[in-house]
Amino acid sequence: AQSVTQLGSHVSVSEGALVLLRCNYSSSVPPYLFWYVQYPNQGLQLLLKYTSAATLVKGINGFEAEFKKSETSFHLTKPSAHMSDAAEYFCAVSEGQAGTALIFGKGTTLSVSS
Amino acid sequence: SAVISQKPSRDICQRGTSLTIQCQVDSQVTMMFWYRQQPGQSLTLIATANQGSEATYESGFVIDKFPISRPNLTFSTLTVSNMSPEDSSIYLCSVGKREYEQFFGPGTRLTVL
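Order-wise, the sequence lines are chains A and B.
Counting with the numbering used here, you get residues 24 to 137 for the letters of the first sequence.
Counting with the numbering used here, you get residues 42 to 154 for the letters of the second sequence.
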């Protein structure tokens, strides 16, 4: 069965600093990987996705993630944090067929201080 | 993409009652999903709802507690039955679209007293 592990339930950075949110996956087949963001009292918004094309994926709001098969990782990064980036971030993996449910990690809360 | 709406957006209910949550999509989709997000937790899949067939429930979730309807390709309902405080969660519906991505509704925030 596929699974996702997000290392660090809470990450704190200063405004302008690098953001690094870690995600490792377990899958016996080529995975489809996603990062979602959830702002307080809102639903989930797709940040970016990996679907077996380019290993470096660029998303919205300046975020990007790199798929590393050898490390089974899909870490999310942003060069310079903004206060507005403070939110909950979820890494998710698809079971591999279009239209199937996602398996989510436990989430990482990102705090940004001025 | 897909635009998904949910009703109600939030509710406060009494123990032992039931609440039906509606999910409406702006386009036809084959599969819809219902997730639960307990306070401070990640999302857990409750069931997959296909139009014209019975919903498929994940381990730990049963139809008597969470009956689901899927009358057409743009609409689904989830009922939380005989509620207890442990059912206090955010309930989200989602739809699967191209390239395996899913779009989520804004969620229904349920508090059970």
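Quick caveat, the hints were computed from the structure, so don't treat them as lab data.
Fair warning: this is a prediction, and the values are worked out from it, not measured in the lab.
Using N, Cα and C, we set each Cβ at its ideal position, and we do this for glycine too.
Among these hints, one or two may not hold up.
[As the list claims (entries may be wrong)] Lysine-lysine pairs mimicking DSS-like chemistry, simulated, CA-CA at most 27 Å apart: (1) Lys-106(B) <-> Lys-91(A); (2) Lys-92(A) <-> Lys-106(B); (3) Lys-81(A) <-> Lys-106(B); (4) Lys-138(B) <-> Lys-81(A); (5) Lys-138(B) <-> Lys-91(A).
[As the list claims (entries may be wrong)] Non-contacting residues of chain B with respect to chain A, defined by C-beta distances greater than 12 Å in every case (computed): (6) Thr-89; (7) Phe-107; (8) Pro-126; (9) Ser-129; (10) Pro-147; (11) Gly-148.
Each hint tested on the structure:
1. Lys-106(B) <-> Lys-91(A): 41 Å, violated
2. Lys-92(A) <-> Lys-106(B): The given pair, whose Cα atoms are some 40 Å apart, is violated under the 27 Å limit.
3. Lys-81(A) <-> Lys-106(B): Judged against 27 Å, a Cα distance of about 41 Å means the pair is violated.
4. Lys-138(B) <-> Lys-81(A): 20 Å, holds
5. Lys-138(B) <-> Lys-91(A): 25 Å, holds
6. Thr-89: 6 Å, violated
7. Phe-107: 15 Å, holds
8. Pro-126: 20 Å, holds
9. Ser-129: 15 Å, holds
10. Pro-147: 4 Å, violated
11. Gly-148: 5 Å, violated
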